[in-house]
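**Student:** So the protein lines, in turn, are chains A and B. Residue 122 in our numbering sits at position 35 of the first sequence; the count goes up by one each step and never skips. Residue 1324 in our numbering sits at position 312 of the second sequence; the count goes up by one each step and never skips.
Among the clues, some could well be false.
Derived CB-CB ranges, DEER-like [said to hold, decoys possible]: (1) B/1371 - A/145: 49 to 55 Å; (2) B/1150 - A/243: 45 to 51 Å; (3) A/119 - B/1201: 50 to 56 Å.
Please keep in mind that the hints were generated in silico from the structure rather than gathered at the bench. Every residue, glycine too, gets a C-beta built ideally from N, C-alpha and C.
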Amino acid sequence: MTVRRRQALAGLAFAAPFLIGFGIFIAYPVAASGFYSFTDFNLFQAPDFVGVDNYTRMAGDERFWIALTNTLLLTVTGVPLSIVIAMAGAHLLNLPVRGQPLFRALVYLPSIVPVVVGGYLWRWMLNTEYGFINHFLSLVGIDGPGWLVEPEWTKPAIVLMSLWTVGGTMIIYLAALKDVPRDLYEAAAIDGANWWTRFRHITWPTLSPVTLFQVIVNLIAYLQIFTQPYLLAQTRLNNVGAGPGQSMLTYAMYLFQNAFSFLKMGYASAMAWVLFLITLAITIVILVSSRRWVHDGSR
Amino acid sequence: MHLTSAGRRRLGVAVGALAASALVLTGCSAAEPDGPEKITFSYLWGGAEADAIEAIIADFNASQDEVEVTGISSPDFQKQLTSLSASQGSFDISDHFGNAVGSWASKGIIAPLDDLLAANGVDPADFAPASIEQLSYDGKIYSLPIAVHTFQLLYNKTLLAEAGVEVPTTMDELADAIAALTKVEADGTITQLGLGDPSPSTTITTLGYAFGGDWDADGAPSPTNAANVEALQWYYDNVVAPVGSGKLAAFKSGVGEYMSPEDPFYTGKYAMVIDGEWRAVNIPNTAPDLDWGVTAIPAVSSALADSTQLTVSTLFIPSNSKHKEAAAKFLAYLVSDEGATAFSLALGNLPAKLSLVGSSAYDGIPQFSVWLDALASDNVHALSSAPYSAEYSTDLGLAFDEVLSGTSTPEAALQKVAGNSSNYATE
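Bound conformation, chain B alone (with noise of 0.2 Å):
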């Protein structure tokens, strides 16, 4: 192709049009429009609990008109993270988990909020210590507990009643109560187990902290710590080795989904189980049939009584929004008591703050309370959120599932947890 002289001009002409164009649009998106300031929170929740997000968000939106909020549900960590990498990102404030904290402030990608919490007047007191200790880095606050999660007993009362058990209330009594709702045919195939586990790493390292262990001491992870070996081995030696772990496995395998009518403890193939608050919201909804009852998980001494994990769901604002201040109005919004409470009674989560522990907002949910009563006590613990935590959960659910598998014992296992931890980032 040969262009003529004029034919060059017109083009020249056409590009600076274009390049001029561009650039007037580029100043009109940059340009803070006149109304509210605008954001974006971006959440992982979808489905019901998405559609009770959008009505908090709704219910803000009218409250005020100094910052309107556009919801977006994502449920993609990768998206998430893909965000958080830009020069400027998608979201202004979204939501996570506790223990990926550290590892996101280290990195410098979620914001500092100690300023902005004093400028809204949000008290990082009013919230569950153990949440708040997970959620800080270098003694800064990077994000903060929309929601917990405690994690207490739950039995089917129609299967302790059957087998003559009583609600177990000391590790002995546990261990006891699983042996009597174990039911094993004379093949040796299970037909009904005692202590189910819907997430085995959850439930063995809650029952660490039941038998005084500890799995980050010192701001390091600390495995093999001898509470710690005896609570997988106990867990081992009442759960697993009575009926064989490959029996176990085949036994697993075929149950139903979780919290859907097929679960096995909504189904009775599981007589116990330690799991989350959300339950309480579940069951009268998937199982309305289900007698069921909930109680503290055992402890090893007094001192230790009321021993429970603590998870935490967070809202964080990203370092690369351009819209730190308004999004920091909102999320004081989602923290308020107003705000906390619609949200978790919308997704049937506890409470962070302690000052609605004693709320009769929860009255409604039943034995909602053996969950929310947990948060007020002292033996509550989070596992920490460091840069490494990644890595190491998911060493622990390797060990575990090495210990559960009848391959390793938990010492060796642990302690190769200890051994991988040298390679753990930093940062």
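Isolated chain A (complex conformation) (with noise of 0.2 Å):
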């Protein structure tokens, strides 16, 4: 055996463990999920080629383009608002004020609670009678909505709860802050810029590139968001709600409800393929517009 051979033969084995992890629980499933959306798959038996069928028949399933819709409007609300929310908090956090480690931990907080947790409380907090949300809108004269019973209003509710993790998002921003050099800043001054003009031309382009993966990895969460709306919506333990006239469907919601209460596999894996096509659609999008807009330093 040469010695090229034997040092290729090693590498093989070095990598070995995440080959044999990667095909096993990555690449099988995903070329399976593919080969059964062009089936008729219940889980229990023998796969039965159908051909496209799962794919035309999405066109006129009603529930399926209510729930891609709920996703899409969750999506385009949802991603600004925690863009925007998570850099003016970073902006704060950045403030050098007394207790700034309290305050630092206790926006993130939330991100460590369990996400089910979280969901049964912020059921009751969006309670319109009893709840804390419209308790305090009632005391600056606000009479709150029916936040999960309104079909209006489902949606801001998932938003918000959603957003109440926001902190995660947050700290990366405050990390990113730390590295914007502070002479720009300095020299800025001295030419008598604004604090507009200061964050337009040196904050903004220097947390670009955090921003462009910030919202691919925020975008990508929405479109498949489930436990938040899952759990606000839930009537019974182990079944799926919509909420309000379906309002809180999402597309995930859907996929899974098809996948395990209907077992219809075959239609939840194309369902999952489309998904896929409408992220990496989004995604490609962005990144083609991220050369406008993302500061690279090395161009």
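Dock chain one against chain two, each of which comes alone in its own frame, and use the hints as you go.
**Tutor:** Rendered as structure tokens:
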């Protein structure tokens, strides 16, 4: 055996744990779901090949479109809000005030609360009559809405609950803020730049690579959003609810329902691939557009 | 890394020894040890109900020495499905609900019980016919009812007396009672609802039977049955329309948790509800001061008197169990008069066996007999258990939601369900 061949084998042996794990837990399931998406498969019996039926049926499936629309609405409101609030919060956390470490810990705290615990907590917080949210609104003379019973208020409720854990994004922004060269701010101040000019021409460009990362990560999270609406819409243990007028039915919830309640694994697999393609398309658009707005210091 | 030939030999010996050990251990685990045959009973119940189940298991284990049952509380449907899909499951007997039987039986994941029941002297004729009908598929019985549930009209005696309302016995009287017992403030805010709905789907499907409807005719979904549409329209006209769907939703969102001390029926926010027999056990514990009564749900004609819906908690043996005969012995014990009585008393459920309908064992539960006696009624109906049941009940729930929220008419909403049914799973 030549040295080169031995080295290649040794390299493969070292990489084998990853390669085997990747093959079994990622590559095979992805390929299998691609195959099942062209079949009628109920988990327990051999799949029947049905061609592109699962894909064409989506076009006429009213609940598919409701779920997709709900998900896209949550995404286009939730992602920008997450970015804006996280960035603004990071600036506040960066202020040299007394108790700064405590404030940083407090904003991150919700991120370590188990999401199911948070979900049940928010169900009560959003309760029309007894909830804290409406109680506080009433203190300033606002008659709070029926967050979980009025179709037009359920999505704000989901976004509100999701934003509760924005502390994780905020901390990443805070770390990025620390990397902005101070001399740039000093030079701008000498030139008479106000806070907005400094933000626009120094902070924003420097943070833009982090923003690109955050937009894509949040986008993927919102397109797959499941736990928050599932918990808020739940009316009975083990059942998938949809909220009033199906306003809380998200894509991932409907996919889950098809897979594990209706045992339509073929249709659910096809839905998973459509979601993957939608996510990929939006991500590509964002990456292409990022050439215009992401500041790359190496260029 | 470069191994010498001696090193390679040593490695080979080590791998061989490991493989041999694995084979021996596998052989050991497959062999049946001496003593009782061990089986696992995985059940969905938890908390105090699980404690009651464990007591029954202990009684069974003490009563004989052929089978030893280990109970596991696992209230997770997905875990149950995962085990059912494996070549060797993690349990030998478990429980579920009647509406899943058709779907699971059609996929071959639960075992037919006819021969096992005959071998253990269990006669299906001892059980409520509607329950056995729901648990059969393609002419075979795939599950046995461990407990059944019927639905009746509960009322708050104090609120009825205050409003001068007699207990309703006809649909017209029920409509009048709802109107008299619903209180709305000048700005439209509801403070008391005549008829509440702990589960809108159950309330409306049950009313469908009281109107002479049928949700599954000739083995297929029949949502547009004229009486079903009439029942849904009646519910909308008498419960929703007088107060407005928006105000009703706001009121319902502010009520307390079901069966807790803040349950709206216990706090007087709902004057009447249609609900199951578990209330008879829950009320004395949770709302001991509540002065309540229960009566049969009024029907539109005397021929439909005592109409109600039957739902079933079931026991099944998975096809992948290696201990079906032993599991059947335990199943036979659970459904015996002794086991079924202990079980139903512990959970506050109705026994599934007709022979227990007149049993004095339930005398201690207040007003239990109203639900119990309904088992003998000719107008007890159960939703069919078919491969499409999960989709059908989901679609019915969505249709009811559309009507109750005022976004669709009963006819249009149920017509949409009928349209969807062509895409339902067939096996």
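**Student:** Determine for every hint whether it applies to the structure shown.
**Tutor:** Verification of the hints:
Separated by about 53 Å at the C-beta atoms, residue 1371 of chain B and residue 145 of chain A satisfy the suggested range of 49 to 55 Å. Restraint check, residue 1150 of chain B to residue 243 of chain A: a C-beta distance of roughly 49 Å satisfies the suggested window 45 to 51 Å. The hint said 50 to 56 Å for the Cβ distance between residue 119 of chain A and residue 1201 of chain B, and at roughly 55 Å that hint holds.
No hint from the list above goes unmet by this structure.
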